[in-house]
Amino acid sequence: MAGTNRGPYYQESYPPVPTGFTKYLRRSLPWQLVRFVVIGWRIVKLMAKPQG
Numbered sequence: 003m004a005g006t007n008r009g010p011y012y013q014e015s016y017p018p019v020p021t022g023f024t025k026y027l028r029r030s031l032p033w034q035l036v037r038f039v040v041i042g043w044r045i046v047k048l049m050a051k052p053q054g
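In case it helps, this note's numbering puts the sequence shown at residues 3 to 54.
25 Å max Cα-Cα, derived SDA-like pairs, lysine to any residue:
hint, residue 1, residue 2
1, K25, F38
2, K51, V40
3, K51, V39
4, K25, V36
5, K25, G42
6, K51, R37
7, K25, R37
8, K47, L35
9, K25, L35
10, K51, I41
Simulated DEER-style distance windows between Cβ atoms:
hint, residue 1, residue 2, range
11, Y12, P32, 32 to 40 Å
12, Y12, I41, 35 to 43 Å
13, V19, V39, 24 to 32 Å
These are computed hints drawn from the structure, not numbers from a lab.
Even for Gly, the Cβ is constructed at its ideal location relative to N, Cα and C.
Work the whole structure out from these sequences, hints included.
Shown next as structure tokens:
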């Protein structure tokens, strides 16, 4: 058997609720600045790679 058929309203069907720490990181301007710099640096490195 493949398993039981679960309906759309079971608890497993819903996404997890973000923790307090996750909510803090989403609103934290210093963390957003760090992520902006890191992602920007990765894009610069990707664009600087030679085509080959």
